[in-house]
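*Asks:* If you want the building blocks of each chain, they are given just below.
Protein chains: 2
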Amino acid sequence: MPSTICVRTLLSPNFMPAVQAEIITIGDEILYGQITNTNTQWISAELDKLGIKVQRQTTIGDTPQAITSALDEVAQRVQLVIMTGGLGPTKDDLTKKTLGDFFGSEMAINPQALAEVTALMANRGRELNELNRLQAMQPVKAQHLTNYLGTAPGLWFEERGVVWVSLPGVPYEMKDLMTRTVLPRLQAHFRTEIIMHRVVRTVGIPESDLAKRIEGWEDALPAHIGLAYLPSYGQVRLRLTATGASAEQLSQDIDAEVARLLLIIGEYVYGYDSTELEAAINQLLKDHHLTLAAAESFTGGAFASAITSVPGSSSQFLGGLVAYNNSVKTGVLGVPQGTIDQYGSVSEETALAMASQVRLLLGSDIGVSSTGVAGPATPADEAPVGTVYFGFADERGSHAIKVQLHTDREVNIKLGANTLLNFLRKQLLRRQA
Amino acid sequence: MPSTICVRTLLSPNFMPAVQAEIITIGDEILYGQITNTNTQWISAELDKLGIKVQRQTTIGDTPQAITSALDEVAQRVQLVIMTGGLGPTKDDLTKKTLGDFFGSEMAINPQALAEVTALMANRGRELNELNRLQAMQPVKAQHLTNYLGTAPGLWFEERGVVWVSLPGVPYEMKDLMTRTVLPRLQAHFRTEIIMHRVVRTVGIPESDLAKRIEGWEDALPAHIGLAYLPSYGQVRLRLTATGASAEQLSQDIDAEVARLLLIIGEYVYGYDSTELEAAINQLLKDHHLTLAAAESFTGGAFASAITSVPGSSSQFLGGLVAYNNSVKTGVLGVPQGTIDQYGSVSEETALAMASQVRLLLGSDIGVSSTGVAGPATPADEAPVGTVYFGFADERGSHAIKVQLHTDREVNIKLGANTLLNFLRKQLLRRQA
Numbered sequence: 001m002p003s004t005i006c007v008r009t010l011l012s013p014n015f016m017p018a019v020q021a022e023i024i025t026i027g028d029e030i031l032y033g034q035i036t037n038t039n040t041q042w043i044s045a046e047l048d049k050l051g052i053k054v055q056r057q058t059t060i061g062d063t064p065q066a067i068t069s070a071l072d073e074v075a076q077r078v079q080l081v082i083m084t085g086g087l088g089p090t091k092d093d094l095t096k097k098t099l100g101d102f103f104g105s106e107m108a109i110n111p112q113a114l115a116e117v118t119a120l121m122a123n124r125g126r127e128l129n130e131l132n133r134l135q136a137m138q139p140v141k142a143q144h145l146t147n148y149l150g151t152a153p154g155l156w157f158e159e160r161g162v163v164w165v166s167l168p169g170v171p172y173e174m175k176d177l178m179t180r181t182v183l184p185r186l187q188a189h190f191r192t193e194i195i196m197h198r199v200v201r202t203v204g205i206p207e208s209d210l211a212k213r214i215e216g217w218e219d220a221l222p223a224h225i226g227l228a229y230l231p232s233y234g235q236v237r238l239r240l241t242a243t244g245a246s247a248e249q250l251s252q253d254i255d256a257e258v259a260r261l262l263l264i265i266g267e268y269v270y271g272y273d274s275t276e277l278e279a280a281i282n283q284l285l286k287d288h289h290l291t292l293a294a295a296e297s298f299t300g301g302a303f304a305s306a307i308t309s310v311p312g313s314s315s316q317f318l319g320g321l322v323a324y325n326n327s328v329k330t331g332v333l334g335v336p337q338g339t340i341d342q343y344g345s346v347s348e349e350t351a352l353a354m355a356s357q358v359r360l361l362l363g364s365d366i367g368v369s370s371t372g373v374a375g376p377a378t379p380a381d382e383a384p385v386g387t388v389y390f391g392f393a394d395e396r397g398s399h400a401i402k403v404q405l406h407t408d409r410e411v412n413i414k415l416g417a418n419t420l421l422n423f424l425r426k427q428l429l430r431r432q433a
Numbered sequence: 001m002p003s004t005i006c007v008r009t010l011l012s013p014n015f016m017p018a019v020q021a022e023i024i025t026i027g028d029e030i031l032y033g034q035i036t037n038t039n040t041q042w043i044s045a046e047l048d049k050l051g052i053k054v055q056r057q058t059t060i061g062d063t064p065q066a067i068t069s070a071l072d073e074v075a076q077r078v079q080l081v082i083m084t085g086g087l088g089p090t091k092d093d094l095t096k097k098t099l100g101d102f103f104g105s106e107m108a109i110n111p112q113a114l115a116e117v118t119a120l121m122a123n124r125g126r127e128l129n130e131l132n133r134l135q136a137m138q139p140v141k142a143q144h145l146t147n148y149l150g151t152a153p154g155l156w157f158e159e160r161g162v163v164w165v166s167l168p169g170v171p172y173e174m175k176d177l178m179t180r181t182v183l184p185r186l187q188a189h190f191r192t193e194i195i196m197h198r199v200v201r202t203v204g205i206p207e208s209d210l211a212k213r214i215e216g217w218e219d220a221l222p223a224h225i226g227l228a229y230l231p232s233y234g235q236v237r238l239r240l241t242a243t244g245a246s247a248e249q250l251s252q253d254i255d256a257e258v259a260r261l262l263l264i265i266g267e268y269v270y271g272y273d274s275t276e277l278e279a280a281i282n283q284l285l286k287d288h289h290l291t292l293a294a295a296e297s298f299t300g301g302a303f304a305s306a307i308t309s310v311p312g313s314s315s316q317f318l319g320g321l322v323a324y325n326n327s328v329k330t331g332v333l334g335v336p337q338g339t340i341d342q343y344g345s346v347s348e349e350t351a352l353a354m355a356s357q358v359r360l361l362l363g364s365d366i367g368v369s370s371t372g373v374a375g376p377a378t379p380a381d382e383a384p385v386g387t388v389y390f391g392f393a394d395e396r397g398s399h400a401i402k403v404q405l406h407t408d409r410e411v412n413i414k415l416g417a418n419t420l421l422n423f424l425r426k427q428l429l430r431r432q433a
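Chains as they are written, first to last, in the numbering used here: chain A, 1 to 433; chain B, 1 to 433.
FYI, nobody ran anything at the bench for these hints, they're computed from the structure.
Since the model is a prediction, treat every value here as computed from it, not as a measurement.
Where hints are given, some of them may not hold.
Unchecked claim - The calculated DSS-like cross-link candidates involving lysine-lysine, where the alpha carbons are at most 25 Å apart (straight line), are:
{"no.": "1", "chain 1": "B", "residue 1": "Lys414", "chain 2": "A", "residue 2": "Lys212"}
{"no.": "2", "chain 1": "B", "residue 1": "Lys175", "chain 2": "A", "residue 2": "Lys414"}
{"no.": "3", "chain 1": "A", "residue 1": "Lys426", "chain 2": "A", "residue 2": "Lys402"}
{"no.": "4", "chain 1": "A", "residue 1": "Lys414", "chain 2": "B", "residue 2": "Lys97"}
Let's have the full structure, built from the sequences with the hints guiding it.
*Replies:* Here is the structure:
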């Protein structure tokens, strides 16, 4: 059985109902789409592990009005607010002053903050300048949170029945502050219910078909277990979330539901929790001491690229041939010219020959192949855009399947790589059976 | 000179001030930090190009209360709301019904939506099930937006003086809907000042070095031209944005600034606007009637995958070998065993031999190669993680470079593919010179 990804122990029998939180990110560069907001996802996942429920994530600009208006709203809704950004040394960083005004708090140099920034500057062999001194100014109502990796400390307020935490926006500084200081303090401050997740990862069945197949199971789920569908390029992850008072009981409840689910859709399940499809296949190959080679036309290297993204894959994946041009299919790979002349390069026969030949050429146990029309359409195409054949060969023989994908080249290549991975997975499972 | 990517003509002399927008993402999986919200950044950047100012980004959960409360607030603040997520076929998708209730609109089967989902299912050789039928239910006040890549259409409302657009959360479906339909409609609907963008794409110079080199030019930019740095895996895009009343004048102003910029950093510029590095290289190969082959170890297929992502690349790119195992480097590719024994597989000599051999084996004009340690570290490694050699061979001989990348496998492979693309680009330019 798969293990759970998150178990928290009950700190007290008088636990509070789930703590509601919001995350506010301050920064024009995120609003304009210039940088990716990675902080919010990381903080959300960490709070989730503590059983703190993020109910909203907001990004606003670097202005006192935008900040004050967001703070006003959020105080009505939650018990915890985490803010990132706006604490650096440059002129557009107004958060601290705005927080002081918002809580009706004087600003003053915090002695600990001044000592820390002085030491940090000395350590870097630099003089304390006026900007650094200003960084030690804090609202007097704030508790100071030491930043061990930078000059901008965090701030902790308990005002209006809400915990407010303000952190620098630099990701590694924020993460260090959260991990060292904020998360342990939150754990001590809030006592919540236990929340447990399990992700069941499927491939090869569309979301709507999957939903239909498991409708009865889903309808019969107990009230304390929720379900979410997370689809992506031919894969659908099913996430079960259980909430309750006993970790042991929740774990049993999830195990029982997953067992029932496997009876219905077991053939589509390749793994659990954070296991990627390519990693699951690499593990299958490793378990059975099998080596792999690929001859790719349609997927153009995307299959090799997916497999080699797995650390340690070089022990199983010997390599592959990207046989884009027909001369490479015949001259290097050794697909008979007659096969291509008679059936075309986009055909079951060519896919079979490619898989068999790459296996022989590279001396691997298994060979796989792809050949098709990725798009966009051109008059010379042998088949409609999205038509693709995938091949598989081992010591017992070879198989091929035909699949009709879509019209977009980028989507087709990504979907094609996942479809070939799943075809390989099914053939490997058949060998075992 | 490059062309501009976005010019809007002034429809009326009474143009409106900048349109304010908000983006609402709906999805528990984002709130819990389980998936990255890439949609919001992409949409923000696209709206920014139209001169529409995103003033807030919000992520909320999959509940009618959360959605209704967010819609209530946002209507007071902006003229445009873009929502993503919550439009799929499964039960946790409540957005459509909630939108209907919010706007006081009946739900009914939309005939166009039903026809589209029926055709899509038929095309995929599948029966229309009840869930698919329900996907054609829409609030009657909504305008239907065709989704060409999936079953969940977009919706467009004009209510309470606000344009509301609801889109599926699957990134490639959302992007296709935005690009084909929503962005042109927004352009027509809102009339703002003329905004013109030009993106100057650089590779091979770090952001901080670039900033230092062009500091004087940047400081001298006129007030109506703004500059943004957009870095990604060894590339930095410089985006110039000009705002004003005359398209002709703006175009001239941008041309003049780009001409000055090229005098300073011309060697690092590979293209403009939406031209990707791999497309620029494919064009260089095409212009000079050259064919290409690749022998990849470090990049594991990521180079071939990048090149084959370009439509029509099959005319230039004959194919490649992913030579992951040393037996493939020697046995198939023909790198002399003595070279590997004497210098190691991660060496300049092996990179040179790989590039020369793949050129001979596939009969291409140009051969390129990569060999190195992608990570994570293992005791058997021949060199530190991130050490990589890239090779280039043509009819005149071969060259190699050594590069030290980072410690993260995923980052290394992406950076490695871009570094090899740029090495190839520089060698191609040298041939021309």
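*Asks:* Which of the listed hints are broken here?
*Replies:* As far as the earlier hints go, 1 and 4 are violated by this structure, in ascending order.
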